[in-house]
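S.K.: Please build the complete structure, drawing on both the sequences and the hints.
Number of protein chains: 2
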Amino acid sequence: MIVLNSLISSFLFLLVNCYIIDPGPTVIATKGEVWPKPYSQQNSSKYYGFRPVLFQFTLTTDNNCNFLQDAFSRYHKIVMTEALRGKKSFSFYKHLHYKKQTLNDDLFLGYLDNLNVTLKGDCKDDEYPSSTMNEEYELKVDETGANLVSPTIWGVLRGLETFSQLVYLADDTVSLRINLTEIEDKPRFPHRGLHLDTSRHFMPVDTLLVMLDAMSYNKMNVFHWHITDDQSFPYVSLKFPELSEKGAYASTLVYSPADVKEIIEYARLRGIRVLPEFDTPGHTRSWGEGKRDILTECYPRPNKTGKLGPIDPTKNSTYEFLKEFFDEVGDVFPDQYIHLGGDEVGFECWQSNPDIIAFMKANNMSDDFVGLESYYIQKLIDIVDELNSDSIVWEEVFVNGVVLPQKTIVHVWKDVWQVTVAEVVDSGRQALLSTCWYLDHLGSYVDWHDFYACEPYSATADEEKQKLILGGEACMWAEEVNEYNVVPRVWPRASAAAEKLWSRKDVNDVTDAAKRLEEHTCRMNRRGVAAQPPNYSGYCL
Amino acid sequence: MIVLNSLISSFLFLLVNCYIIDPGPTVIATKGEVWPKPYSQQNSSKYYGFRPVLFQFTLTTDNNCNFLQDAFSRYHKIVMTEALRGKKSFSFYKHLHYKKQTLNDDLFLGYLDNLNVTLKGDCKDDEYPSSTMNEEYELKVDETGANLVSPTIWGVLRGLETFSQLVYLADDTVSLRINLTEIEDKPRFPHRGLHLDTSRHFMPVDTLLVMLDAMSYNKMNVFHWHITDDQSFPYVSLKFPELSEKGAYASTLVYSPADVKEIIEYARLRGIRVLPEFDTPGHTRSWGEGKRDILTECYPRPNKTGKLGPIDPTKNSTYEFLKEFFDEVGDVFPDQYIHLGGDEVGFECWQSNPDIIAFMKANNMSDDFVGLESYYIQKLIDIVDELNSDSIVWEEVFVNGVVLPQKTIVHVWKDVWQVTVAEVVDSGRQALLSTCWYLDHLGSYVDWHDFYACEPYSATADEEKQKLILGGEACMWAEEVNEYNVVPRVWPRASAAAEKLWSRKDVNDVTDAAKRLEEHTCRMNRRGVAAQPPNYSGYCL
Numbered sequence: 001m002i003v004l005n006s007l008i009s010s011f012l013f014l015l016v017n018c019y020i021i022d023p024g025p026t027v028i029a030t031k032g033e034v035w036p037k038p039y040s041q042q043n044s045s046k047y048y049g050f051r052p053v054l055f056q057f058t059l060t061t062d063n064n065c066n067f068l069q070d071a072f073s074r075y076h077k078i079v080m081t082e083a084l085r086g087k088k089s090f091s092f093y094k095h096l097h098y099k100k101q102t103l104n105d106d107l108f109l110g111y112l113d114n115l116n117v118t119l120k121g122d123c124k125d126d127e128y129p130s131s132t133m134n135e136e137y138e139l140k141v142d143e144t145g146a147n148l149v150s151p152t153i154w155g156v157l158r159g160l161e162t163f164s165q166l167v168y169l170a171d172d173t174v175s176l177r178i179n180l181t182e183i184e185d186k187p188r189f190p191h192r193g194l195h196l197d198t199s200r201h202f203m204p205v206d207t208l209l210v211m212l213d214a215m216s217y218n219k220m221n222v223f224h225w226h227i228t229d230d231q232s233f234p235y236v237s238l239k240f241p242e243l244s245e246k247g248a249y250a251s252t253l254v255y256s257p258a259d260v261k262e263i264i265e266y267a268r269l270r271g272i273r274v275l276p277e278f279d280t281p282g283h284t285r286s287w288g289e290g291k292r293d294i295l296t297e298c299y300p301r302p303n304k305t306g307k308l309g310p311i312d313p314t315k316n317s318t319y320e321f322l323k324e325f326f327d328e329v330g331d332v333f334p335d336q337y338i339h340l341g342g343d344e345v346g347f348e349c350w351q352s353n354p355d356i357i358a359f360m361k362a363n364n365m366s367d368d369f370v371g372l373e374s375y376y377i378q379k380l381i382d383i384v385d386e387l388n389s390d391s392i393v394w395e396e397v398f399v400n401g402v403v404l405p406q407k408t409i410v411h412v413w414k415d416v417w418q419v420t421v422a423e424v425v426d427s428g429r430q431a432l433l434s435t436c437w438y439l440d441h442l443g444s445y446v447d448w449h450d451f452y453a454c455e456p457y458s459a460t461a462d463e464e465k466q467k468l469i470l471g472g473e474a475c476m477w478a479e480e481v482n483e484y485n486v487v488p489r490v491w492p493r494a495s496a497a498a499e500k501l502w503s504r505k506d507v508n509d510v511t512d513a514a515k516r517l518e519e520h521t522c523r524m525n526r527r528g529v530a531a532q533p534p535n536y537s538g539y540c541l
Numbered sequence: 001m002i003v004l005n006s007l008i009s010s011f012l013f014l015l016v017n018c019y020i021i022d023p024g025p026t027v028i029a030t031k032g033e034v035w036p037k038p039y040s041q042q043n044s045s046k047y048y049g050f051r052p053v054l055f056q057f058t059l060t061t062d063n064n065c066n067f068l069q070d071a072f073s074r075y076h077k078i079v080m081t082e083a084l085r086g087k088k089s090f091s092f093y094k095h096l097h098y099k100k101q102t103l104n105d106d107l108f109l110g111y112l113d114n115l116n117v118t119l120k121g122d123c124k125d126d127e128y129p130s131s132t133m134n135e136e137y138e139l140k141v142d143e144t145g146a147n148l149v150s151p152t153i154w155g156v157l158r159g160l161e162t163f164s165q166l167v168y169l170a171d172d173t174v175s176l177r178i179n180l181t182e183i184e185d186k187p188r189f190p191h192r193g194l195h196l197d198t199s200r201h202f203m204p205v206d207t208l209l210v211m212l213d214a215m216s217y218n219k220m221n222v223f224h225w226h227i228t229d230d231q232s233f234p235y236v237s238l239k240f241p242e243l244s245e246k247g248a249y250a251s252t253l254v255y256s257p258a259d260v261k262e263i264i265e266y267a268r269l270r271g272i273r274v275l276p277e278f279d280t281p282g283h284t285r286s287w288g289e290g291k292r293d294i295l296t297e298c299y300p301r302p303n304k305t306g307k308l309g310p311i312d313p314t315k316n317s318t319y320e321f322l323k324e325f326f327d328e329v330g331d332v333f334p335d336q337y338i339h340l341g342g343d344e345v346g347f348e349c350w351q352s353n354p355d356i357i358a359f360m361k362a363n364n365m366s367d368d369f370v371g372l373e374s375y376y377i378q379k380l381i382d383i384v385d386e387l388n389s390d391s392i393v394w395e396e397v398f399v400n401g402v403v404l405p406q407k408t409i410v411h412v413w414k415d416v417w418q419v420t421v422a423e424v425v426d427s428g429r430q431a432l433l434s435t436c437w438y439l440d441h442l443g444s445y446v447d448w449h450d451f452y453a454c455e456p457y458s459a460t461a462d463e464e465k466q467k468l469i470l471g472g473e474a475c476m477w478a479e480e481v482n483e484y485n486v487v488p489r490v491w492p493r494a495s496a497a498a499e500k501l502w503s504r505k506d507v508n509d510v511t512d513a514a515k516r517l518e519e520h521t522c523r524m525n526r527r528g529v530a531a532q533p534p535n536y537s538g539y540c541l
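Chains as they are written, first to last, in the numbering used here: chain Z, 1 to 541; chain D, 1 to 541.
Think of the hints as simulated: they come from the structure by calculation, not from any bench. What you are looking at is a predicted structure, and each value in this text was computed from that prediction instead of being measured. It is possible that some hints are incorrect.
Any copy, or any two copies together, can satisfy a pair, since identical chains are not distinguished.
Said to hold, decoys possible - In the SDA-like style, the derived pairs of lysine to any residue whose C-alpha atoms are separated by at most 25 Å in a straight line are:
| # | residue 1 | residue 2 |
| --- | --- | --- |
| 1 | 246 | 171 |
| 2 | 46 | 239 |
| 3 | 467 | 419 |
| 4 | 31 | 251 |
| 5 | 246 | 522 |
| 6 | 515 | 252 |
M.R.: If you want it as C-alpha cells, here you go:
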C-alpha cells in the first residue's frame with residue numbers, strides 16, 4: 001500500500017488549483033427530470049400547476065392497502081417539501097390562486113390535485129421484497145388527469161418516486177408544475193444494491209435509515225449489510241450475546257434486535273431487501289473476542305505474535321456454532337439470501353498451526369490451503385442450504401475452485417471483472433458486479449463519470465448468459481467513513497450506479513446525465529440527504 | 001486530466017476490500033492530550049476532578065476585558081459539552097459528590113473549580129489579530145491550582161483552548177478529570193492558515209462559522225477566503241453591486257456586507273485573521289457578468305468562441321476600476337494583507353486580441369505575454385501599496401519574474417515546492433507553503449500521514465532564510481465540496497497541517513499522532529464539527 005499511496009499522491013500533486021483552466025459553463029440542473037431515467041418517456045410542454053397542500057393520492061382499487069396508504073403519506077410529505085422551497089409555503093399558496101386568475105399561458109392546464117393509483121395485483125401488507133419482485137409500472141399525466149398503474153405494490157412504490165420527481169419549481173421560483181408525460185418503466189437489472197460496512201466504523205441506526213431513504217430515491221432495492229468484520233462485531237446475537245458484548249467497539253455501539261427489526265421494516269416499506277453478510281472464514285477477528293475457540297490460534301514465528309487468525313475449519317465445534325448462528329440469522333433476516341463473504345482469506349495462520357496441518361494430512365489435503373478453504377465454505381454453504389437459505393459469496397470462493405451449488409450467486413469485486421463475470425456465467429451461475437462502483441476508491445476528479453461508464457454486459461456477448469448477470473452493488477467500505485461523512489461520500493456517486501442498473505443500456509450520455517444528476521442531488525438535499533455536489537460547479541436554489 | 005484520471009483510477013482499482021489484510025489493532029484515542037502538541041509539557045499522573053457546572057475562569061488582572069470575558073463564556077460552554085457526554089449531565093453531577101466521599105485514590109487531589117488567567121499586556125477590546133501577534137502562553141495545573149499566563153489576549157485564547165483539551169472523561173465514563181501539567185507553548189510558524197474557495201460552490205455563512213470554530217480548536221490563525229473565481233462572484237460590493245447581482249449563482253447565494261462583517265468579527269474573537277483573496281487577472285470569468293469591459297474579448301478562432309478571457313491589462317479604465325474596488329476591499333477587510341492571486345493565467349485570449357497585440361507592440365513587449373502579465377501585476381501591486389495594504393501572490397507571479405516589492409509574500413502551491421520556496425527566500429522574500437496540504441487531492445488511504453510528513457524547512461538549510469518561511473495553509477478548492485461535505489473533507493485532515501505549523505519540528509511521530517488525532521477528532525465531533533474519522537478503524541464514546 002505504501003508504494004501505491006505515494007504513487008497515487010505523486011499523481012495527485014500534478015493537479016492544479018482548478019482542474020480545468022477554462023472549466024466551461026456551470027452545469028445547470030434540469031427541471032422535473034427523473035433519476036434513474038425511465039425505460040420510456042414521452043414529454044409534453046403542456047403542464048399542470050401543482051398544489052401540494054391540496055394534492056392527494058387515490059387508490060382506485062377498492063381495498064384498503066395499508067402498505068400503499070403508508071407510501072402515500074410518505075410521498076405527500078415529500079412533495080410538500082417541494083412547496084417549502086425558499087420557505088414560501090404560505091405566500092406561495094396564496095400566490096397560486098392569484099396566478100390562477102392571471103396566468104395567460106395556453107400550455108397551462110389548471111391544477112393537478114390527484115393521482116389515481118391502480119394496483120392490478122394483490123396487496124399483502126406484510127409482504128417482503130424479494131429477488132423476484134416485479135417493479136414495473138405505467139404513469140400517465142394527460143389532459144384527463146394522472147394515473148399510476150402497476151401489477152405490484154413494488155411497482156407502485158417506484159411509480160410514486162417517479163411521480164414525486166416530475167414535480168418541479170417553475171422559473172418564477174414560486175409555483176410548482178408537472179408536465180404532461182407518458183412513462184412505461186421497469187428496471188434493467190433485478191439486483192440494484194448498496195453495500196455498507198458497519199464494522200470498521202459504526203454507523204448509528206439513524207444514518208442507516210437516511211441511507212435507505214436515499215436508496216428509495218434512486219430506486220435501489222438491496223441493502224447489503226456488511227455488518228461484522230475484523231474490527232468490530234456490532235450485531236447483538238440472541239443466541240450468542242457475548243459476540244457483541246466483547247466484540248463491539250462499545251456497549252452503546254451495537255445493533256440491538258429491535259434496531260435490526262426497525263431497519264428491516266423501514267427497508268421493506270421502501271421496497272428494499274436487507275441482505276445480511278456475516279463474512280467468514282477471514283475478516284473475523286472481532287468474533288474471537290467473544291468466541292475465541294472458533295478462531296485458529298496462530299503460532300509464534302519470526303515477526304508473528306501468537307494472535308488469532310481465520311475461523312478454524314477443522315473443529316466440529318466450529319460448525320455446530322455456525323449452524324446455530326446462521327439459524328438465528330435466517331430467522332432474523334427475512335430475505336431468502338445470506339451473503340457468506342469468503343473474501344481475502346490469509347493462509348499464514350493456518351500454516352503456522354500444527355493441529356491444522358495434522359488435520360490436512362489426515363484428510364489428504366497436504367498443503368492445499370485453498371482446498372482447506374473450500375472444505376470450510378462447502379460445509380458452510382451446506383449448513384445454510386439445510387436452513388433453507390440461499391448463498392451469495394465473494395468471487396474468491398468461485399475463483400479458488402470451491403464446488404458451489406448452481407444456485408449460489410457469485411459477487412465479483414476485483415479488477416479484470418469482465419473475465420471473472422464471464423467465467424461465472426459460463427459456469428451457469430448468476431453474478432453480481434461491484435468492481436466498477438467501489439465508493440471507497442477516491443480520485444481528485446468527478447469520478448461518477450467512471451462509475452457511469454461501466455457496462456456489465458461487456459463481460460459477455462451471449463444474450464442467454466447476460467441474463468445470469470443479476471445486477472450489482474455500489475460498495476461503501478468503512479475504513480474512512482462514519483456517521484459524519486458517509487452520506488456525502490455515497491451520494492450522489494452511488495446514484496450513477498443506480499441509473500446504470502435501472503435504465504436502458506443506451507442511457508449513457510454523461511453530459512445529459514450531469515444535468516439530471518445536478519437536479520437529483522439538489523432533490524436529495526431538499527429531502528434531507530446530505531449528498532455532495534456532483535459537478536465541478538453548480539448550485540441548488 | 002482525462003488521462004491522469006484514468007491513471008489514478010486504474011491504480012485505485014488495485015485496492016482491496018480492506019486496505020490491509022491484517023489492519024492491526026484499532027487506534028485507541030488518548031485522553032486529555034493536546035492537539036496541536038504544545039512546545040513543552042510535563043505531565044503528572046496526579047489529577048483533579050472537574051465539575052463544569054461549578055467551574056469558572058478568573059481574570060486576575062483587575063481590568064474588565066470584554067474580549068476575554070467573551071472567550072471565558074465560550075470556553076465554559078465548551079467544557080460543559082464534555083459534561084454532557086453520554087447525556088449524563090444531571091446524574092453525573094450527583095455522582096461526583098458521591099465519588100468525592102468514596103474515591104480512595106491518592107492521585108486524586110479534589111476538584112479544580114477555577115482557572116486563574118493573567119494577562120500581562122493590554123486588553124484592547126477592538127484589537128484585530130495580525131501577522132505579528134504574539135500567541136505564546138504558560139499554563140500550569142499544580143497542587144496550588146491552575147494558572148494561565150500570557151502577554152497577549154491571543155496567547156490567552158490559545159491557552160484556553162489547550163486548557164479545554166486537557167479535560168478528559170475518566171475510565172469510569174462518568175467523571176471528568178484534568179491531570180497536573182506544566183505547559184510552555186508558542187507556535188513554530190506565525191502563519192497557520194486554512195484556504196477556502198467559495199466560488200466553485202457557495203458555502204453558507206453558518207458553514208464558514210463552523211470552519212472558524214474548528215480552526216480555533218486547531219490553533220489556526222488565518223482564514224484565507226478565496227471568495228471569487230470564474231464560476232461565481234458571491235461578494236456583494238458596496239461600490240459595484242452589479243458584480244454579485246450578475247456574477248453570483250443566485251441572489252440568495254451571496255455574502256452581504258453584514259455577512260462579511262459577521263465572519264470577520266467571529267474570526268477576530270477567535271484570534272483568526274481573515275485574509276481576502278480577489279484573484280486576478282485570470283479566474284475572473286464571473287467578474288465579466290457585471291463588468292464586461294474589464295475582461296479581454298477573445299477573438300473567434302478555430303475551436304474558439306468569442307468569449308471573455310482574463311482581465312484586460314491594456315486599458316486605463318481597468319486600473320481605475322481596480323483602484324476603486326481594492327480601496328473598498330481594504331476598508332471592508334481589516335487585515336494588513338490582501339491576497340491578489342495571480343495564478344494560472346492563460347495567454348490564448350490575449351494572443352487572439354488585436355488591441356492587446358497592438359498595445360504590446362507600442363510598449364515594446366512584442367509577444368512577451370509574461371511581460372504583459374508582469375505589467376498588470378506590478379500596476380496592481382502598486383495600487384494596493386498606495387492603499388497601504390500589503391500583498392500576497394501565488395507563486396506564478398514570482399516564478400514568471402514579475403518585479404515584486406521585497407515585502408510581497410509569495411504563496412507556493414505547485415509541485416517541486418522545495419525549489420520554489422528556496423528561490424523565494426533566496427530573493428529575500430517571505431514564503432507561504434500549501435503544496436503539501438491540498439485538501440482537494442484525494443487518495444483511497446489515510447492521506448493525513450502524507451500531510452503530516454511535510455517539513456517546510458526541507459526547502460533550505462540556511463537558518464536565516466528559514467525565518468522567511470512564515471508558515472503555510474491547507475487549501476480547500478471547492479470543485480467537489482459544498483455545505484454538505486466540506487466540513488468532513490477538511491477536518492481532521494487540516495489538523496495534520498495545523499500541528500505541523502504549530503508544534504516543534506521534532507513532533508513527527510505518526511503513530512503517536514494517530515492516537516491523539518483520534519481523540520481530537522472525537523473532541524471536534526462533540527463540539528459540533530462533523531470531522532471524518534482519521535484512522536482505518538476507531539470510534540468515539
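S.K.: Output the numbers, in ascending order, of every earlier hint that fails for this structure.
M.R.: Violated hint: only 2; rest satisfied.
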